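Peer 1: Order-wise, the sequence lines are chains A and B. Per our numbering, the first sequence starts with residue 1, numbered consecutively. Per our numbering, the second sequence starts with residue 1, numbered consecutively.
Treat the hints as calculated values from the structure; they're not laboratory data. Please note that the accuracy of each hint is not assured.
Unchecked claim - Every beta carbon over 12 Å from chain B, so not counted as near; a handful from chain A, in silico: (1) S2; (2) K4; (3) Q54; (4) G87; (5) P89; (6) S96; (7) G97; (8) Y155; (9) Q158; (10) L236; (11) I241.
Unchecked claim - In silico PhoX-like pairs for lysine-lysine, Cα to Cα no more than 25 Å straight-line: (12) K57/A to K128/B; (13) K178/A to K216/A; (14) K202/B to K178/A; (15) K87/B to K249/A; (16) K247/A to K128/B.
In this text, all values refer to a predicted model and were calculated from it rather than measured experimentally. The C-beta atom is built at its ideal place from N, Cα and C for all residues, glycine as well.
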Amino acid sequence: MSEKKLTKGDIFNMFIRSNFLLASFNFERMQSMGFCVTMIPAIKRLYQGDERKQALKRHLEFFNTQPFISAPIMGITAAMEEQRANGAPIDDASISGVKVGLMGPLAGVGDPIFWGTIRPVTAALGASLAVGGSILGPILFFVLFNIFRLATKWYGLQYGYTTGTNIVSDMSGNRLQKLTEGASILGLFVMGSLVSKWTSMNVPLVVSTVTGSDGKTVITTVQTILDQLMPGLLPLALTFICMYLLKKKVNAIVIIFGLFAVGIIGYALGVLA
Amino acid sequence: MSEIQMILLILVACIAGLESVVDEGQGHRPLIACTLVGLVLGDLKTGVILGGTLELMALGWMNVGASMAPDSALASVIAAILVIVGKQSIGAGIAVAIPIAAAGQVLTIFVRSATTFFQHLADKYAEKGSFRGIEMCHFLAWTLQALRVAIPTALVAAVAGTDTVNIMLASIPDVITRGLQIAGGFIVVVGYAMVINMMEAKYLMPFFFLGFVIAAFTNLNLVAFGIVGVVLAVIYIQLNPKYNKSTVAFDELDEL
Chain A
1 MSEKKLTKGD
11 IFNMFIRSNF
21 LLASFNFERM
31 QSMGFCVTMI
41 PAIKRLYQGD
51 ERKQALKRHL
61 EFFNTQPFIS
71 APIMGITAAM
81 EEQRANGAPI
91 DDASISGVKV
101 GLMGPLAGVG
111 DPIFWGTIRP
121 VTAALGASLA
131 VGGSILGPIL
141 FFVLFNIFRL
151 ATKWYGLQYG
161 YTTGTNIVSD
171 MSGNRLQKLT
181 EGASILGLFV
191 MGSLVSKWTS
201 MNVPLVVSTV
211 TGSDGKTVIT
221 TVQTILDQLM
231 PGLLPLALTF
241 ICMYLLKKKV
251 NAIVIIFGLF
261 AVGIIGYALG
271 VLA
Chain B
1 MSEIQMILLI
11 LVACIAGLES
21 VVDEGQGHRP
31 LIACTLVGLV
41 LGDLKTGVIL
51 GGTLELMALG
61 WMNVGASMAP
71 DSALASVIAA
81 ILVIVGKQSI
91 GAGIAVAIPI
101 AAAGQVLTIF
111 VRSATTFFQH
121 LADKYAEKGS
131 FRGIEMCHFL
141 AWTLQALRVA
151 IPTALVAAVA
161 GTDTVNIMLA
171 SIPDVITRGL
181 QIAGGFIVVV
191 GYAMVINMME
201 AKYLMPFFFL
211 GFVIAAFTNL
221 NLVAFGIVGV
231 VLAVIYIQLN
241 PKYNKSTVAF
251 DELDEL
């Protein structure tokens, strides 16, 4: 019996399919159908008959991770299935074990990198151009974000497939922990700068109006005092209030409506402008 | 609005709906969705400006794990149609976008629950070893997400720009639209809070404060912040004793 091997075409097919991982996201098994559909080119190549049915069932199990960082997991799973089809003693439990064992830690890396850093940064960059009416804004966001995304998916899949189960030893030496920690540092640092720069809050309440000896009138508002202390103090305080409320399981949309009420009442009372 | 525009609008709504669940190409983000609506309706500039404004409010909105963010897809498409067709202000766009984002969130949660039906159907196809069947379940579930944005969009597009709608929008008092616009300047903190909570790393908060202070007193742009952030992360990891245990052990051996 000749050795079963996935072709370059199979891997490419998997890459294309991985772009629809969340298409059938549901609250029962989340990305399970998307994972199975991505694995189909490999299953088609490697298995026949009953083994095929079992492989399909195996990959309809619960799965959920950050969608871009799922690519290396798909690669490793494909490599394991290939070895198994060629008679290696790999059972269902070890394939599921690798999938489940990796999806949590990798989501821990993917979430801060993509949702916590790359998307807010590229979106803020694009949006700051767009509010001036420049079409470059949306184009820049779309192109930049998708370069990061597709590169991660493409190289992640190749890496997972070629490294296979060796990835487990690759990950010793704290590599994954380093990546997670590094991504979180970058994300938090950028969030800090966004709180200060990409929010606007102005309290125009006049504290004092002083006419100097040169006849110039100096108006001091609450905002000028706050800005002298530290620009962006109010948004900072608000951020911490929101963090607290979110941790208390208050729905984000409720907080957003609350802040809108603050804006409207603040404007009506002349406290905010 | 011509028939072709109507068809293209529904197409844009479908794209936004499809993207809202897979979260890949970002066609559901206000910056892209509003721009596409502007392109279809022949007022690209307004679409881009509204998209930028809404995007700056929604930075950090994300679906992580099983938790759902407010829905930017439906909100962006409908707000852009009402603003462009009805010649409304950006402020009025913000005013309608947020309630619609809440409604969209309810709709997507409904679809994500209903999709469980396809999950069980896929199990049956797996028993038969049918690739086609599983693929069909997967992509049929996806079309529901397109429809949940396309249908409300078609309804709004049909009435947008009519006197009744414009009178309704015009009847929103100034204090509300102006107040909403002011709130639009700081609503984004909710998204920031979502991101910070997601990181769940209290001991790394000094980096957050460092970013805040540097931004407050310098004129660095975002690209610079990105680079400084990467540098800080690299230095932190290189110097962290947690990752340097083996080298320390080697040094001690050398001394022996």
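Peer 1: Run the C-beta distances from P89/A to all of chain B and say if the shortest one exceeds 12 Å.
Peer 2: Its Cβ never comes within 12 Å of chain B, the nearest being 24 Å, so this holds.
Peer 1: Can you confirm whether the C-alpha distance between K202/B and K178/A stays at or below 25 Å?
Peer 2: Given pair K202/B, K178/A holds - Cα atoms ~16 Å apart, limit 25 Å.
Peer 1: Over 12 Å from every CB of chain B: does S2/A meet that, or does the non-interface label fail?
Peer 2: Holds: least Cβ distance 22 Å, greater than 12 Å.
Peer 1: Verify the proposed pairing of K57/A with K128/B, using a straight-line Cα cut of 25 Å.
Peer 2: Measuring from Cα to Cα gives roughly 10 Å; hence the hint holds.
Peer 1: Given the hint that K178/A pairs with K216/A, test it: the Cα-Cα distance must not exceed 25 Å.
Peer 2: The hint is violated at about 57 Å.
Peer 1: Looking at Q158/A again, its CB stays over 12 Å from all of chain B?
Peer 2: holds (18 Å)
Peer 1: Would K4/A pass as off the interface with chain B, using Cβ distances and a cut of 12 Å?
Peer 2: K4/A is indeed farther than 12 Å from all Cβ atoms of chain B, at 17 Å.
Peer 1: Taking the closest pair, is the beta carbon of Y155/A still more than 12 Å from chain B?
Peer 2: Given that every Cβ of chain B is farther than 12 Å from that of Y155/A, nearest at about 16 Å, it holds.
Peer 1: For L236/A, which was marked as not at the interface, is the minimum beta-carbon distance to chain B over 12 Å?
Peer 2: violated (6 Å)
Peer 1: For Q54/A, is the shortest CB-to-CB distance to chain B above 12 Å, so the non-interface label stands?
Peer 2: About 9 Å separates Q54/A from the closest Cβ of chain B, which leaves it inside 12 Å; violated.
Peer 1: Grab the minimum beta-carbon distance between G87/A and chain B and tell me whether it stays above 12 Å.
Peer 2: holds (21 Å)
Peer 1: Test the statement that G97/A is away from the interface with chain B: the closest C-beta pair must be farther apart than 12 Å.
Peer 2: Nearest chain B Cβ is 20 Å from G97/A, so the label holds.
In summary, the structure is inconsistent with hints 3, 10, 11, 13, 15, 16 from the numbered list given earlier, while agreeing with the others.
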